[in-house]
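S.K.: Add chains B and C to chain A, keeping to what the hints say.
Protein chains in written order, with this note's numbering: chain A, 1 to 387; chain B, 1001 to 1307; chain C, 2001 to 2331.
Just so you know, these hints were derived from the structure itself, not from any lab. Computed from a predicted structure; not experimentally measured. By construction, the Cβ of each residue, glycine as well, lies at the ideal position given by its N, Cα and C atoms. Treat the hints with care, since some could be wrong.
Straight-line distance between alpha carbons at most 30 Å, and here's what the computed DSS-like set of lysine-lysine pairs gives [claimed, not checked]:
| hint | chain 1 | residue 1 | chain 2 | residue 2 |
| --- | --- | --- | --- | --- |
| 1 | C | K2282 | A | K289 |
| 2 | A | K161 | C | K2139 |
| 3 | A | K321 | A | K334 |
Chain A side only, calculated, beta carbon under 8 Å to chain C, not exhaustive [what the hints assert, rightly or not]:
| hint | residue |
| --- | --- |
| 4 | D71 |
| 5 | E77 |
| 6 | R84 |
| 7 | S101 |
| 8 | M105 |
| 9 | Q171 |
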Amino acid sequence: MNRSNTLRATALAAALVTSAVATQAATIGLMAPLSGPQALVGQDQVDGFMLAVEQLGGKLGGQAATILKEDDQLKPEVGQQIVRKLIDKDKVDAIVGLSFSNVLMGSLPRLAESGVVAIATNAGPSPIAGAQCKANIFSMAWQNDGAAEAMGKFAQDRGIKRVYLMAPNYQAGKDMLAGFKRFYKGEVVDEVYTQVNQPDYSAEIAQLQSAKPDAVFVFYPGGMGINFVKQMSQAGLGGKLPLYSVFTVDGTTLPSLGDTAAGAISAAMYDASLDTPENRKFVTAFEAKYKRTPSLYAAAGFDAANVLDLGLRKAGGDPKKLAAGVKAAGGEFKSVRGPFQFGKNNMPVQNYYAFETVRAGGKVATKQIGTPLAAHADSYAALCKLP
Amino acid sequence: MSASLLLVQLLNGLQYGVLLFLLAAGLTLVFGIMSFVNLAHGSLYMVGAYAAALTYGATGSFALAVLAAMGAALFVGLLLELTIVSRLYRRDHLDHVLATFGLVMFFNELVRLVWGPQPLFVQVPEVLAGTVQLFGFNYPSYRFAIIAVGLLVAVGSYWLIHKTRLGMLIRAGAQNPQLVGALGVNIGLLNAMLFGVGAMLAGLAGAMAGPLLSVQSGMGEPVLITTLVVIVIGGIGSVNGALYAALIVGVVDTLGRVLLPLVLRQVAERSVADAAGPALASMLVYLLMAVVLALRPQGLFPARRGR
Amino acid sequence: MTSLTSRLPHPAVLPLLLFAGFAAVPFVATAIGQPFWISFFARILIYAIAASALNLALGYGGLVSFGHALFMGLGSYAVALPAFHGIASGWVHLALCIVASSLIALGVGAISLRTSGMAFIMITLAFAQMGYFLLVSLKQYGGDDGLPVAATSQFGGVDLGSTLPLYAAAFVVLALVTWWMAKLRAAPFGMALRGARQNARRINAIGLEARRLQLVAFVISGAISGVSGLLLANLNAFASPSSLAWTVSGELIVMVVLGGIGTVAGPVIGALVFLGLEEVLKGLTEHWMVIFGPLIVVMALVGRRGIVGLIDLWPRARRSSTPVVVSEGGA
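This is chain A alone, in the form it adopts within the complex:
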């Protein structure tokens, strides 16, 4: 990972190649939050992407690939500057990653204006899925509501009568709970929004206990999830009150949660325990290289590299054809998560699975317990004007 050499090589390449016809190398910008509380999410995406590039022999689309890694620190302003730099200075062929929804939305004007292909691996905000959809912007991860919708459907199918909802008080939190309620038709006992990055949930957990719901559904990404689940377990609710969640108990937080997460049910488009041939190969390779189990973020990064590879091949070196190439590639490449294609709004149409965290031989592991939504398209596609 010698960035200054990579930068020099890119500068040299950009200086030598003056015409926009066949480029010798594909330059790809890979932007993720590599510092701060969600750094592990960013790191997983980068590692997944780089593993795929390595498996492709360091090439994307048949050309030698130069990957420029950038840390957006989960700050929209920083992300904006990086996107500007990647497009104007480094003249990349595509940008992958694009961090969380807020960073992605912050960079949207520049991305849309430039027409550079952008593949998000951790977000799919509803504006981009709907009225502001763009031909060159894709999500390789999910449309933000998808996992929550799947969890809602799963809870509905299981016959849960009364659910208590909790999420942090920002856009994604509100979207998750809205997504859950779209498919869950039972009684919502209460909807509680907590402070972003709030460390202590003892008050809310006491409220939760007194409300006596049949189950609780939460969305607490990263450190917030670890805090919440641990404290719920300490209050004696672990295993007694069914915990349904999205992005709370996943590959990145499970090592820190350990036993306290036992019994938790989550919904996502991927988990390392998925039993498909592509996934088994991917998990083995990832564990061998990075000594940890891949999370859904790593899978998104890995898939993004493969879809980009196929898309570049289809475009045959013509930047104007790359967006169409990537879109077509979506339906053709083999994803580690199962069936996949891009919807008309460039959001994934994919399965969402339900997983349960179980105790297995002194440790915890996840196993798949259902597929509440198969080949699910998001609810904003109708608002998108793309053909």
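M.R.: Chains B and C only, in chain A's frame:
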């Protein structure tokens, strides 16, 4: 909201307040007596939490982990004091803010460099892992332990400051360092010890917080800001003030988060209440501080010297 | 009282050189085909404006405000909110920006100036945090995700959303602010303000109200910071609550002190060096904060004369070997 729920929430508020007190006690001493603004106090808390997490993981003994946390924080604190902090005592608050701001950046990145961005997992010690039946609720035993530790520290620091010779030296040194120095007391050593004690308390807070919160780079900052608020409300330099203010802030914050949305729902439409409630609750503690400062700038329980 | 630029051939040499450099940037960048640098330097200019505004409160007034990011943020939202409702007129944005930041600065200043020292630092921080939480809670205006600017500021035929007009606007604003700050040093208000910083009792004794002077300075400082926020929102076409984070306020303070607190060119140099160094370090290593943090510590230890102070000392040090006594006094 039933009476028993309210009581449980009150207990939650007290427990949060006690955790804040552990941090505030060290910081208010450093600030009040040496007049040093230490933004890096949150980093010392982080050092303590990491030391405890690593020791607990390696040895399985929570007691050892707490000792390791206090030791590590003490070591780092003394190192900082000797190299950087002692040069800044005579300088302006602005220099303190700058230097410690740089230190915060450094420590956060260093921790990430060495241990990576993955939060560390600290288990609640077996002996405290149960719950206690309280008014029909299950209350975690571990939180009672935190309250106990906090009260011990409160009593201990009161005894130290007011009933020992060292405490007398500390209080004298705060009033008139030159005179105390002229009497043959090593003021430099005294200040270093005081800073060290503050660091140890921060380390202890970090160790106690580990099983509850996630141990990761940058964990100090959110708590630091609230701690600074506590100190300002309580009165800079006053450990008693820090205790009362910490409990007040803990209770106000906890009850605010719980009651505000309920109250707002009576007067406004539900979606508005649900959006405004948490926001107002977050702001509540800062509003409290602004009100206190506007009406009584020296804090609610200022140290008797009135600095 | 030494004038820190009196050692140079002419007091204005340093600022003039800087501005000549800034003026050259768009031409050089276009010539080498790297328009990226125009937006990069535009950002530096914008932060230089904010740092200069802070310098008024901090350097001249001695008010350590840890919440100036609040005003920058207000300025940004003064563009984003009307734009959200379809209002693109730059005049409306500007008016809203100045009125809002001034009024809020008035409120914050009036309450905060009842305290001093550490309490002042904390209360300004608290107000910035309150602003942050308020903006995060407004779902219809994007909340934590931020609010894209639907329509950038239009002034007559000039659209600040394009990089070149924005650069020109930022350049002009910075030039005006810098010139004004230079004039202010010797003007009655400036002298009184700096006197209030050095010894408030004396100022009160001669009949001027120190607190009122400081409040006026704080309000003006807030308004100018607001304008820098307006420019920033146009540059990024985006307004986000994260620009009100306390770390941003901290960085502004670092810029002012790094450049030379209380000087005219200091904030500009500080912004240039801070952001430039950050960019250079980021290119070297992903863990650049491990280097940057200690650099800030060293800067705090070495002394608050800042870069301008160092430049100022250099000819003197060559001429004589006796140590120079800095009589600018504690702020």
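S.K.: Return the numbers of the hints above that this structure violates; sort them in rising order.
M.R.: Hint check: nothing fails, all pass.
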